[in-house]
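Based on the provided sequences and hints, a complete structural model is requested.
Protein chains: 2
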Amino acid sequence: MKGIRRLAQELDISIGTVSRALNGKPDVNEQTRKRVLEAAAAMGYVPNQAGRALRKGSTGVIGFMMQSGSQITGEGDVFFMSVFDGVQTVCARHQLDLVVLLCASEDDPDAYLQRVVDRGFVDGLIISATKRHDHRIDFLSQRGVPFIALGRSLTDAGHPWFDLDFEGMAETGVDRLVAKGHRRIGIFAPMDDTNLGYIFIEHYRAALERHGIAFNPDFIFRAHPNDRGGHQIGERIAAMPPDQRPTGFILTNEMMTVGLYRGLYDSGLQPGKDFAVMGRDSPQAHYLTPKLTCFHLSLRDLGIALAESLLATMPDFSGDYPLGVVRKVLPLQLIEGDSDCPAPPEG
Amino acid sequence: MKGIRRLAQELDISIGTVSRALNGKPDVNEQTRKRVLEAAAAMGYVPNQAGRALRKGSTGVIGFMMQSGSQITGEGDVFFMSVFDGVQTVCARHQLDLVVLLCASEDDPDAYLQRVVDRGFVDGLIISATKRHDHRIDFLSQRGVPFIALGRSLTDAGHPWFDLDFEGMAETGVDRLVAKGHRRIGIFAPMDDTNLGYIFIEHYRAALERHGIAFNPDFIFRAHPNDRGGHQIGERIAAMPPDQRPTGFILTNEMMTVGLYRGLYDSGLQPGKDFAVMGRDSPQAHYLTPKLTCFHLSLRDLGIALAESLLATMPDFSGDYPLGVVRKVLPLQLIEGDSDCPAPPEG
Chain G
1 MKGIRRLAQE LDISIGTVSR ALNGKPDVNE QTRKRVLEAA AAMGYVPNQA
51 GRALRKGSTG VIGFMMQSGS QITGEGDVFF MSVFDGVQTV CARHQLDLVV
101 LLCASEDDPD AYLQRVVDRG FVDGLIISAT KRHDHRIDFL SQRGVPFIAL
151 GRSLTDAGHP WFDLDFEGMA ETGVDRLVAK GHRRIGIFAP MDDTNLGYIF
201 IEHYRAALER HGIAFNPDFI FRAHPNDRGG HQIGERIAAM PPDQRPTGFI
251 LTNEMMTVGL YRGLYDSGLQ PGKDFAVMGR DSPQAHYLTP KLTCFHLSLR
301 DLGIALAESL LATMPDFSGD YPLGVVRKVL PLQLIEGDSD CPAPPEG
Chain D
1 MKGIRRLAQE LDISIGTVSR ALNGKPDVNE QTRKRVLEAA AAMGYVPNQA
51 GRALRKGSTG VIGFMMQSGS QITGEGDVFF MSVFDGVQTV CARHQLDLVV
101 LLCASEDDPD AYLQRVVDRG FVDGLIISAT KRHDHRIDFL SQRGVPFIAL
151 GRSLTDAGHP WFDLDFEGMA ETGVDRLVAK GHRRIGIFAP MDDTNLGYIF
201 IEHYRAALER HGIAFNPDFI FRAHPNDRGG HQIGERIAAM PPDQRPTGFI
251 LTNEMMTVGL YRGLYDSGLQ PGKDFAVMGR DSPQAHYLTP KLTCFHLSLR
301 DLGIALAESL LATMPDFSGD YPLGVVRKVL PLQLIEGDSD CPAPPEG
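Protein sequences appear in the order of chains G and D.
Per the UniProt record's numbering: the first sequence = residues 1 to 347.
Per the UniProt record's numbering: the second sequence = residues 1 to 347.
What the hints contain is simulated information worked out from the structure, not anything from laboratory work.
What you were told as hints is all true, and nothing was included just to trick you.
Treat identical chains as interchangeable: a pair holds within one or across any two.
Below, in silico cross-link-like pairs of lysine to aspartate or glutamate (DMTMM-like), each with a Cα-Cα straight-line distance of 20 Å or less:
#, residue 1, residue 2
1, K34, E10
2, K291, D266
3, K180, D274
4, K273, E336
The structure displayed is predicted, hence computed values, not measured ones.
Below is the structure:
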């Protein structure tokens with residue numbers, strides 16, 4: 001872009017014309033094309049993908065930016081791969097390819113995204129791990145790159161987004177556990193400023209208040225979103241004095257459930273008997289004993305919805321998806337299992 | 001490339017010079033540059049990333065091609081994310097970014113790879129799901145794209161590769177189960193022509209022969225490499241007449257173990273008591289009861305080795321990694337658990 005802009009200024013013609021000339025489009029007169037190419041050569045301009053991407057739909061690639069790293073996906077992933085499956089279903093209709101842009105957790109997501117956009121090999125982007133305040137949203141909006149966010153943010157560029165109904169999970173979870181006699185309910189929260197943590201805590205707190213239960217910050221358990229994190233939470237709960245620890249738990253992360261179960265078992269607490277657990281559905285959850293009471297969402301359908309709503313904002317595809325700007329909280333379905341037992345009598 | 005080649009022919013100058021001219025490199029004389037740019041404009045040549053990639057190290061992106069789809073990664077992944085973590089560690093040293101190229105299982109991997117290369121946004125490639133005969137190897141070699149394969153192939157372009165020691169797994173697994181009295185040993189094999197299936201079956205068969213045990217094709221269980229596939233194998237084994245079914249099993253896929261355990265349990269066979277299981281290590285395996293006897297490999301280290309060996313073949317980085325062409329089978333470590341019980345007396 002920078003190069004094209006300088007060229008356009010130097011030649012006093014529009015950026016669009018410079019781009020069309022560089023890209024060999026037929027609707028530029030020969031004289032202009034020559035001037036552009038010569039000026040480009042003179043200033044050592046490297047025609048890059050960013051220039052190409054000015055033509056809409058030019059790269060045929062949709063990017064999905066996700067966080068990775070040993071603390072996050074280093075132990076595996078049971079969320080994104082299913083979402084990708086849905087995104088690919090939509091991409092396949094249009095001969096688009098999906099590439100996954102892995103931003104290491106140690107890397108700065110803003111700088112990473114800028115590199116991706118500067119390389120210009122994606123026509124559109126899906127971003128995830130959306131933060132409470134997310135610079136990526138402003139950046140993509142300013143650069144005119146079509147994108148959709150998985151996750152809400154306080155940063156609002158009028159952009160499309162999808163999110164899971166974390167408020168519904170908090171309310172249904174608290175209501176259900178309170179109805180079973182629980183007054184001390186623990187929850188998980190991420191260690192970073194991913195927005196879902198804020199949303200969940202806020203609505204968990206409001207739901208407790210509705211039931212006249214005081215909020216206790218000690219019942220918010222922060223950990224890495226993986227098996228080990230779940231295991232640590234189980235151990236931490238078991239290590240608390242029995243009359244002060246939670247008697248039930250709502251876990252919004254699907255990678256941690258098996259670890260939480262094991263952490264409880266290893267510490268002498270039996271999920272579904274001594275301690276109530278509610279979690280998120282995942283292939284692994286189907287094999288847990290006792291059966292996990294969990295919130296279900298078709299991740300493949302989420303992927304399809306994300307991709308269709310992204311394409312709805314891209315001129316080359318919006319005819320197929322006349323959805324406008326989609327901003328939607330997706331409800332989750334409660335699947336009843338046996339893991340959310342009543343509170344123990346002394347609880 | 002095609003465009004550049006045509007330009008080079010038309011102008012009767014080398015492809016390299018055409019590329020350098022188009023890319024604004026200083027080492028092209030002004031006269032030549034003008035000729036190239038004008039000819040490019042005249043023939044409507046679109047300068048693409050493939051042209052840029054002629055300059056080594058020009059995109060700053062390493063691609064990792066993997067298969068995806070509802071049958072494969074649609075249920076999650078506990079292998080690649082850890083490998084990516086290692087690859088990223090190496091990429092970070094050189095300000096390279098890793099992108100994951102998801103080839104849907106319904107898509108033709110050869111056509112997919114060609115699109116990726118034509119788009120030219122990767123400097124080097126790691127390919128996986130390597131097939132017994134793999135066209136991608138010839139293609140990448142012919143196109144001069146630096147690459148490394150995860151998995152051996154009969155297709156040999158003198159290219160670097162890493163593979164897991166499937167022969168070691170077969171031999172150690174069979175030896176160990178035979179020593180515990182097993183004569184009917186089942187194994188898993190993929191449903192497609194991924195080479196690891198062939199290697200494992202071949203060495204499993206050889207190991208049986210060493211022990212004077214006849215090979216029984218009914219003991220090769222093909223399934224999708226996911227939880228459900230593992231579950232189905234468990235059910236299929238349990239449905240066989242007790243005196244004809246395997247008494248032990250070697251599972252080379254880490255995504256299937258939890259399902260296999262549950263499939264056995266659900267059908268009334270208790271792993272580690274009625275039926276011996278050996279598998280692959282994974283975060284999930286740590287939480288299984290009984291503890292899985294498994295083969296372990298640091299996937300992060302595998303990722304590091306893959307990335308370093310790829311960079312060793314790329315001129316911009318080979319100085320840092322004077323490894324030459326690496327072709328290596330990585331040994332796995334046996335971790336003893338309680339899942340590989342002796343054969344039942346009647347077995």
